[in-house]
Amino acid sequence: MQTTEQASEESRLNVSSRLWMIEALKMVITYLKLSVFCSSLTFRRFYSSLH
2 MQTTEQASEE SRLNVSSRLW MIEALKMVIT YLKLSVFCSS LTFRRFYSSL
52 H
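Counted from 1, the sequence shown has number 32 at position 31 by this note's numbering; the numbering is strictly sequential.
If you're looking for bench data, these hints aren't it; they were derived computationally from the structure. Here the structure is a predicted model, which is why all the values come from computation and not from measurement. Heads up, the beta-carbon is just placed ideally off N, CA and C, and yes, glycines get one too. A portion of the hints provided could be inaccurate.
Stated by the list, open to error - Estimated spans, in silico, between C-beta atoms of each pair:
1. Tyr32 to Glu11: 41 to 51 Å
2. Gln7 to Thr43: 52 to 62 Å
3. Arg46 to Met22: 28 to 38 Å
4. Ser40 to Arg19: 29 to 39 Å
5. Gln7 to Met28: 56 to 66 Å
6. His52 to Met28: 35 to 45 Å
7. Ser12 to Ser49: 54 to 64 Å
8. Ser17 to Arg45: 38 to 48 Å
Let the hints inform the model, and build the full structure from the sequences given.
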């Protein structure tokens, strides 16, 4: 049997971990976008230097 205090503490932990996961996902997506952008830039530069 859980007390209400324990349950509220657990739900608070769940919410914070979920928020942390969302923030981590945002950071990963931003990092991926940046890496794709940089690689496309370098590829374009390399391609234009060939021609």
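Evaluation of the provided hints:
no. : hint                       : in the structure
1   : Tyr32 to Glu11: 41 to 51 Å : violated (31 Å)
2   : Gln7 to Thr43: 52 to 62 Å  : holds (53 Å)
3   : Arg46 to Met22: 28 to 38 Å : holds (36 Å)
4   : Ser40 to Arg19: 29 to 39 Å : holds (32 Å)
5   : Gln7 to Met28: 56 to 66 Å  : violated (32 Å)
6   : His52 to Met28: 35 to 45 Å : holds (37 Å)
7   : Ser12 to Ser49: 54 to 64 Å : holds (56 Å)
8   : Ser17 to Arg45: 38 to 48 Å : holds (42 Å)
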